[in-house]
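**Q** If you read the protein sequences in the order shown, they are chains A, B and C.
Taking my numbering, the leading residue of the first sequence gets 208, the next gets one more, and so forth.
Taking my numbering, the leading residue of the second sequence gets 5, the next gets one more, and so forth.
Taking my numbering, the leading residue of the third sequence gets 556, the next gets one more, and so forth.
Simulated from the structure, these hints should not be mistaken for lab results.
Treat the numbers as computed from the prediction; the structure is a model and nothing was measured.
Glycine included, C-beta positions come from ideal geometry on N, C-alpha and C.
Treat the hints with care, as some may be off.
Quick partial rundown of chain C residues pointing at chain A, CB under 7 Å, derived from the structure [stated by the list, open to error]:
(1) E585
(2) S586
(3) F699
(4) E710
(5) I713
(6) R752
(7) T754
Straight-line Cα separation of at most 16 Å, EDC-like style, residue types lysine to aspartate or glutamate; simulated pairs [stated by the list, open to error]:
(8) K623/B <-> E656/B
(9) K604/C <-> E409/B
(10) K219/A <-> E665/C
(11) K242/B <-> E228/B
(12) K329/B <-> E228/B
(13) K625/B <-> E656/B
(14) K410/B <-> E665/C
(15) K246/B <-> D269/B
(16) K240/B <-> D551/B
(17) K309/B <-> E319/B
(18) K219/A <-> E235/A
(19) K667/C <-> D551/B
(20) K768/C <-> D311/A
(21) K142/B <-> D551/B
(22) K428/A <-> E483/B
(23) K324/B <-> E253/B
(24) K428/A <-> E333/B
(25) K763/C <-> D311/A
(26) K154/B <-> E454/B
(27) K219/A <-> E710/C
(28) K431/B <-> E462/B
(29) K324/B <-> D269/B
(30) K623/B <-> E589/B
(31) K437/B <-> D505/B
(32) K154/B <-> E654/B
(33) K599/C <-> D311/A
(34) K307/A <-> D326/A
(35) K396/B <-> D435/B
(36) K396/B <-> E483/B
(37) K147/B <-> E589/B
Listed here are the chains, written in short residue letters.
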Amino acid sequence: MSYWYYPGCSLKSNGGPYEESLLAVFRELDTPLWELDDWNCCGATSYMSIDEAQAFSLAARNLALAEQASRQSPEKGTPQLVAPCSACFLVLTKTQRYVKQHQDLARQVHTGLRAIGLDYQGAVQVRHPLDVFVNDIGIPRIRKAMKRSLDGLKVACYYGCQVVRPFATFDSAHNPTSMDRLVEALDAKPIPWPLKTRCCGGTLTGTIRDVGLRLSQILLKDAAQRGAEVVITVCPLCQFNLECYQQEIARTFRDTPRLPVLYLTQLMGKAFGIPDAALGMRRLFVSPEPAFARHQGGQPVHA
Amino acid sequence: MPDISGNGTPRIGVYVCHCGTNIAGVVDVKAVAEYAAKLHGVVVSREYKYMCSDPGQELIQQDIRDHRLDRIIVASCSPLLHEHTFRHATAQGGLNPYFFQMVNIRENVSWVNQDKQAATEKAKALVRAAVYRVGFHKALQRKQVPINPKVLVVGGGIAGIHAALTLANAGKKVYLVEREPTIGGHMAMFDKTFPTLDCAACILTPKMSAVKTHPNITLWTYSEVAQVDGYVGNFKVKIRRKPRYIHEELCVGCMECVTACIYKDGRFPDEFNQGLSKRKPVYIPFPQATPQLVLFDPDTCIQLKSGKCKQSCVEACDRKAIDFKQVAEMEEIEVGTVVLATGFQPFDATRVPYYGYGIYPNVYTALEVERLINASGPTGGDVVLRDGRTPKAVGIIHCVGSRDEKTNRWCSRVCCMYSLKLAHLVKEHTDAKLYNFYIDMRTPGKSYEEFYDKLLKEGVHFIRGRVAEVTNWARTPEEEGKLVVRVEDTLVGTVRRIPLDMVILAVGLEPRADAQEVRRLFNISCSTEGFFLERHPKLAPVNTFTDGIFIAGACQGPRDIPDAVAQAGAAAAEALALIDIGHVELEPNTAYIVEEDCSGCKSCIPLCPYSAITFSEEKKKAAINEALCKGCGTCVAACPSGSIRQNLFEDEQIFCEIDGLLSELAQIS
Amino acid sequence: MFKRTTGGDFARPVPRIPGPKDIRRHIAYESELDPTFGERIARKAYGEKLFSCIQCGTCSGTCPVSHYMDYTPRKIIAMIREGFRDEVLHCVTIWLCASCYACTVDCPREIKITDVMYALKQEAMSQGVYPSRFSIPVLAREFFRGVERGGRSNELPIMLRFFMKTNPLRMLQNAPVAWRLWRTGRLSLRREQTQQRDTIRTLLRAAKAEEEKAP
């Protein structure tokens, strides 16, 4: 099975390590990802704050492109669009649902798309890579691909908001477990964490700084208190807030721990034995090497 | 009585009712009456303000005498309301009541149309249809069927117990069937009841033992209704008595077998104590269980599972009461009426994982806490947490599984009151800080507001704010190691964080999981929410749409003990009314077979939902039991030779009615 | 906007001792309220369910930033229903909302509160009701323009313009992060854009025109 791939703007800039590791992991799992040609920004929260017809039209262009692409190249897979950034995933899913449910909106979006020669029929399915890993590829296959056991590394699986709310398409909104089960299959130890879906602050860290930093600090402090050695995430903005701003957080709030924050796919890639450079490991601000070094006991695992 | 049946011209009286402005406000009743007067066969045509009133009915009777009428038509409201009234009036006037036809020009016309002209034309068409039809009405008699004076009460909770006692005290024979090994229901699990703080067991157990000793009550516990056949006054019920594996006449409840059981301590979750304590495979549910008999659990008793046990229990029983070979028995009884009092089930708190039930050990449901507080409960009345500590701060979360689109939409009515009660009792037992997190404080009953005031004075913290989540995430040193609740105190107007040692979830009341199966057994309906459906929410709360079957207590909707008892009394009274009259009159709208035309094809027999049709081997023809027939019309429509007809819905009658409706179609459009 | 708390991270700010100047008159007259506001916002936010709110406060309880707000989400819904338009559009709440959707998921009446917040943001922005250098609307507009022009968002130019238009000193504050991003190769100078220049603009204009047609 192969998928169309919608990177989103973040994965091409500060989310670079996410894209690198994502592509590497999918390659390792023999699942092709075809980047959607000429995709555009999904609009995120900014467009939604200004005008909804335009916001949904902007996002719908990508859905229409995915439909078009799968019609033109059916050998490349059914119209399933993988959106790794949780915010993009949410906006695209929301667009799909709202256009289906609300006639006025549908009219506005279709008018916009027709003006640029596109047609959207609602056939494309928006997926998050976590969903694809756990439900399509399946945990057994992922475990088979493991070459270096994570050997009990204590991991805080951070889902964040937008991958499970408000559209809990593949996991529970209050107590999701897909990421936990996935890392458990790689021999890591996910910590039970009631804050795993609590907001990291999102764009507030850039706009209303103190509030945003505080929300991220709460997550880091609590994860460390529960014994986590690394935090893993599936959203570039979450990773950015939790990791890139860690020093700023520590300067504002005294008791901020220093925790490596990785992308899920980086952790998976490490377990698959993919070299660090291919996973963007060196792009991380807080190195996870000490944590990995503590769990060297993992012998190479044979399939 | 002249029976026109299509020969000769009927003499019809038509009465068009104003119903105040209900009909007259939309339909031009005068025009309808004038129009009807011109129709063939109509001798008298009047319009009147309120036909259902005494003068209105008098009018019919007078006209029958004065004008020698032999058919009556009233165009007014729904037959469900006044068909009976007008049939009675017709009968009083000396005619067979089934020479009456009702036309609904209120619910079917004036209440659903705003266009007055269209409404008037529709009313005219309906009246015309009735005029064409009524000439073909036949004289019919209501059939009387005797009522068996015995009553079946299903469910031995407080409602069932009260209904059974009321009926038994009135001299009627009652079968009380209860699924659990003891009667008492949920009330037996409570510690104290609101608002009087009466000890639940103290007020319940006298009633339970009255049931046990009453000569008119046959108490069958650990039994279930398996099949119900028949109709009002004549139900045949099969009851499955599950095996306790003891001879009931021999066992005295001494519990020597329990002590002697090879399991030294309890190993299996004790259902009565909500799983907070353990029991052995042989047990009595609680000390005052009625009847006072032990039972063996076939899922956990080694002897019953594998046949290989020392059987020290058998040794210990000096009455030789144990019998591992016992099997389920079927009893068949005949009763005239049934009272269903099967109760409720509490909302399953695992459906709301964000409150931490099953995740954090110190989150309890209200029923679990009732057992904790109860002196005969798992902790002897001490409110201690699973780790043995006494809580210093306790939070009670209202509306768990109630008033929520995602779980149950309704308000469960009793949770605010029992949450207040638990707050009082827990505080009394532990002197902890108490917090009640509520949305609205619902205290509608007698002395309930006073109870709320009492709690306010006890220094319980009432925080108006629904809890979103219970976690163990600590922000401050005071929150370390506690369960934390973050709420908006909407009255003070600030967000608060409260650290708690114990969280109690005020779970709501739900219909039982098998409510749909039970209702099908008895042929009644459920509402959209799943509770048993009453015939009318205001005027017939204990009747169902099936005659002879009554409902009482929480199976009809969430309610407290006073209301359950009141309803049980009401249901008993309804049953008594039927029994004392001694017979029930069946509507003659039954199907009948014209034997000469019946070819014996048997198509009708499997179709009857009431199993009213049998096949006569000698005659090689089908036969309908009039008493069982409910007049649904299925067999009438299905019979390939048209040999099944239905009283009140004969072919001529229906075709004429259609003719009447359509004959002036052009005029209507 | 935010008072520095006394006594460490956790203490509640100690209220000032009031003087005669603190005595202010608060009363709402019916004629001052906007009776159509509730319907308008409900329609905009696909949320007639707004009117089913039982004011339970779950939304405020679960919102991770509710304790920073002047009016909590629950209060906002109550005020919308009653027509307190000016207060609602002039509050910080709608800007603090990070769209985490926790309120939407937890609401027992299934009201789409996050969508209500978006609708309020749109109302406030279209009416220009916010301080001129307020970060969130400015960022939103810059982001909007950036994507309209190029089809994809480019962080660096958008952020630079954002800082210039709100508070240039923030550039200094964020310089260390920017430097680290640059060093680790996570700050892209490459201009990401869609292939055809005007595609996005055409798309957006057409959609907006259709929206303005109205039923």
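**Q** If a hint holds in the structure, say so; if it doesn't, say that too.
**A** Here's how the hints hold up against the structure:
1. E585: 31 Å, violated
2. S586: Since chain A brings no Cβ nearer than about 31 Å to S586/C, farther than 7 Å, the hint is violated.
3. F699: Hint on F699/C: holds, closest Cβ of chain A at ~5 Å, below 7 Å.
4. E710: 5 Å, holds
5. I713: 9 Å, violated
6. R752: 12 Å, violated
7. T754: Since chain A brings a Cβ to about 5 Å from T754/C, closer than 7 Å, the hint holds.
8. K623/B <-> E656/B: 28 Å, violated
9. K604/C <-> E409/B: 12 Å, holds
10. K219/A <-> E665/C: Violated. K219/A to E665/C sits at ~36 Å, over the 16 Å cutoff.
11. K242/B <-> E228/B: 9 Å, holds
12. K329/B <-> E228/B: 20 Å, violated
13. K625/B <-> E656/B: 24 Å, violated
14. K410/B <-> E665/C: 8 Å, holds
15. K246/B <-> D269/B: The given pair, whose Cα atoms are some 26 Å apart, is violated under the 16 Å limit.
16. K240/B <-> D551/B: Between K240/B and D551/B the Cα gap is close to 15 Å, so the pair holds against 16 Å.
17. K309/B <-> E319/B: The hint is violated at about 19 Å.
18. K219/A <-> E235/A: Violated - the C-alpha atoms of E235/A and K219/A are around 21 Å apart, more than 16 Å.
19. K667/C <-> D551/B: The hint is violated at about 46 Å.
20. K768/C <-> D311/A: 11 Å, holds
21. K142/B <-> D551/B: This hinted pair is violated, its Cα atoms lying about 26 Å apart.
22. K428/A <-> E483/B: It holds: about 15 Å lies between the C-alpha atoms, which stays within 16 Å.
23. K324/B <-> E253/B: Holds, because 11 Å separates the two Cα atoms, which is no more than 16 Å.
24. K428/A <-> E333/B: Cα-Cα ~64 Å, so violated.
25. K763/C <-> D311/A: 12 Å, holds
26. K154/B <-> E454/B: 42 Å, violated
27. K219/A <-> E710/C: 10 Å, holds
28. K431/B <-> E462/B: 9 Å, holds
29. K324/B <-> D269/B: 23 Å, violated
30. K623/B <-> E589/B: 29 Å, violated
31. K437/B <-> D505/B: Between K437/B and D505/B the Cα gap is close to 10 Å, so the pair holds against 16 Å.
32. K154/B <-> E654/B: Violated: K154/B and E654/B sit about 37 Å apart, past 16 Å.
33. K599/C <-> D311/A: Judged against 16 Å, a Cα distance of about 11 Å means the pair holds.
34. K307/A <-> D326/A: Status holds; Cα separation ~14 Å.
35. K396/B <-> D435/B: With a Cα-Cα distance of about 7 Å, the restraint between K396/B and D435/B holds, given a limit of 16 Å.
36. K396/B <-> E483/B: Holds - the C-alpha atoms of E483/B and K396/B are around 13 Å apart, at most 16 Å.
37. K147/B <-> E589/B: 5 Å, holds
Hint check: violations occur at hints 1, 2, 5, 6, 8, 10, 12, 13, 15, 17, 18, 19, 21, 24, 26, 29, 30, 32; the rest are consistent with the structure.
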